[in-house]
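J.: Kindly produce the complete structure, drawing on both the sequences and the hints.
2 protein chains.
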Amino acid sequence: MGSERYLNQPAHGDYMRIAQVAPPFEQIPPTQYGGTERVVSLLTEELVQRGHEVTLFASGDSTTDARHIPTVDTALWRDPEVGNELMYWTITLGEAYRRAARGEFDIVHAHLDFLTFPCAELVDTPTVTTLHGRLDLPGLQSVFARFPRQAVISISDSQRAPLPAANWVATVYNAVNVPSLRYHPQGGAYLAFLGRITPDKGLEQAIRIARTVGMPLHVAARKPLRGTDTPQDRADWDYYRTVIRPLLREPGVRFVGEVGDAEKSDFLGKARALLFPIDWPEPFGLVMAESLACGTPVVARRRGSVPEVVEHGVTGWIGETDEELAHACTRLDLLDRGACRAAAEQRFSPSVMASGYDRAYRSLLDPDVHRSSALSRV
Amino acid sequence: MGSERYLNQPAHGDYMRIAQVAPPFEQIPPTQYGGTERVVSLLTEELVQRGHEVTLFASGDSTTDARHIPTVDTALWRDPEVGNELMYWTITLGEAYRRAARGEFDIVHAHLDFLTFPCAELVDTPTVTTLHGRLDLPGLQSVFARFPRQAVISISDSQRAPLPAANWVATVYNAVNVPSLRYHPQGGAYLAFLGRITPDKGLEQAIRIARTVGMPLHVAARKPLRGTDTPQDRADWDYYRTVIRPLLREPGVRFVGEVGDAEKSDFLGKARALLFPIDWPEPFGLVMAESLACGTPVVARRRGSVPEVVEHGVTGWIGETDEELAHACTRLDLLDRGACRAAAEQRFSPSVMASGYDRAYRSLLDPDVHRSSALSRV
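One line per chain: the protein sequences are A and B, in this order. So that you can map any letter, position 250 of the first sequence is 249 in numbering that gives the first Met the number 0, and since no number is skipped, the others follow by simple counting. So that you can map any letter, position 377 of the second sequence is 376 in numbering that gives the first Met the number 0, and since no number is skipped, the others follow by simple counting.
Derived from the structure by calculation, the hints contain no laboratory data. Predicted, not measured: the structure shown is a model, and the values here were computed from it. Virtual Cβ for every residue (Gly too), placed ideally from N, Cα, C. Since no wrong hints were added, every one of them can be taken at face value.
Among the chain B residues that face chain A by a calculated CB cut under 10 Å, a handful are:
(1) Asp72
(2) Leu85
(3) Ala95
(4) Asp112
(5) Phe113
(6) Val122
(7) Leu139
Now the in silico label distances, taken between C-beta atoms and shown as ranges:
(8) Ala164(A) - Asp260(B): 37 to 47 Å
(9) Ala164(A) - Tyr32(B): 35 to 45 Å
(10) Arg133(B) - Pro230(A): 20 to 30 Å
(11) Pro230(A) - Lys222(B): 20 to 30 Å
(12) Pro250(A) - Tyr32(B): 51 to 61 Å
(13) Ser354(A) - Gly132(B): 42 to 52 Å
(14) Arg195(A) - Thr30(B): 34 to 44 Å
(15) Glu84(B) - Asp232(A): 18 to 28 Å
(16) Pro161(A) - Thr73(B): 17 to 27 Å
(17) Gln231(B) - Ala164(A): 37 to 47 Å
(18) Arg148(B) - Arg253(A): 58 to 68 Å
(19) Arg195(A) - Tyr32(B): 30 to 40 Å
(20) Val313(A) - Tyr32(B): 54 to 64 Å
(21) Pro161(B) - Pro161(A): 38 to 48 Å
T.: Below you can see the structure in the form of structure tokens.
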């Protein structure tokens, strides 16, 4: 439970006492799915490296160099016996804000959407929340209208559009583990698709685009789960069965199944381009940054964060229609793979992300207590 | 938003400033379903009658003589456009505890299971939570283990069994609206079943018991919803289709559909007895108290709260097997309908319930501030 310096001793100088509050669904870091958990892990370890005193609230099977307060024994997606998820939100909020009220942190950085807002209002320590999902959901505006002062961070500027009145303090782009994603200077001949099989992600369109330009398409994805109980799962299964499965038999289309972290560099790096013909307001799109880190440019539909992550004509091509995206696939030799890798290093590395959050935290701290931060406004 | 006396003015003497925090699913009071909401309504209005300063946090379509802080515009079960229910828990917690932190209440009485616990720890005002549901759910013990000091009230002693270590401050039995439930001194010839059609409630057993003793059975229930998406709804529909529907054609069985408040007195009061052959840990069982208020004794299986609500040999018969319950139906002339009505008045009236909660609240208040309460421990 930590030494005395955790208690009631505001940080001075360069380091801060930072709580990272993660969702309880996946281990930190996750082994497969879990984009939010992956980003929380990269941020936490980078902040520890920089000398901050970081406390991570996460499932007990997580791994971190930070002080670790377990919220559940086992991440919820790994525990079939789990009860109502409300129980675990409640435990996480209790553990984090009980300690915040004791003055153990300079700042609480939450990754639980709006769930921290009621507790955050009740303690002196400021909370800042990174919103990791799409924000055009029914009812969300009414939640934010009730908590107008809660500080929030977007993962792209475009993500903010449905909630213009929220108390936005920064956009901090997500990071990917650039050092572990190997740069492939040559690339290969195929187009790559990596993502869930759901209409938003555009696999159907990717296959048609690849067929139009006569290029092979390699598809890395998990098949939707069959026989599960949510309407979303059933819709995804129907989409796979009726729309996608027949198209996977088209010439040049190769379904490689799910790729883990170890295979991801090769899958992305040996591609000619990542094909990303999404049709939803993507808040960030980690796979675009991963592809760039491997040196592979991105051909994407202009939705959500795409124009912020991809630089049109430098690290990829952005279009609107399937025809425009097909045409873009014929112009890939105009793009430099080195520029893709460099963009990932300069914009989406853990170090750059941590610096963005460091500035955001300092902007919320009392300048009298934290003189070192007085100059660094986000 | 109330007058100045709401702010930072602890109550003295006999009245208290009480927050009632209701779930957002149904109007207060509900028009049909919603046992918790019905009890919250009766309690709120009775406390107002007694001169307490009551603030009710509930959906905007609720009706109350208390100060009303709307949490959602329309109760969630009445609004098909509703988003994620987490949003509305968050709004409710924010509205209630922001005001609690300002000192607007002497006590917060919550009806949101464990959801208030993290906020409750962060304010000086004590919170007491009535637990309205069954407590043998997976994971619930781990939640209570993290919040050992949160004061909780049971609606029956038996309800406490799965959580013996919780900070129980009282058992307060639920009330029914005794004055509006008409006393039928004569009763009638049929056995009554009133409840959802789900295996726990024992409609199958009720039909077999009625057939065994050759008495008519009138069944008041809504048919399960067909084609909805939760596993529970689908299981209930299958149970209805395969088990119950054929049995409803048995001689003497009459399905009367859903009964509203207006018809309930006649349906229950004109019965010879209420048949309640449940097989689950019923935490209270409002229909038993409603039946007694109408003068109708109860024949029930010994589960959960049954031995606390029904006095064996006075207001009903309690048994274990279907055979015992069938035999009990032949001995109903030994029970006095006047005793049933009297038991409802003496044990399950809103006034008795409000007195129980009044004592519980005072037991949690600082005795130096609330001298009038120093003698009344629950």
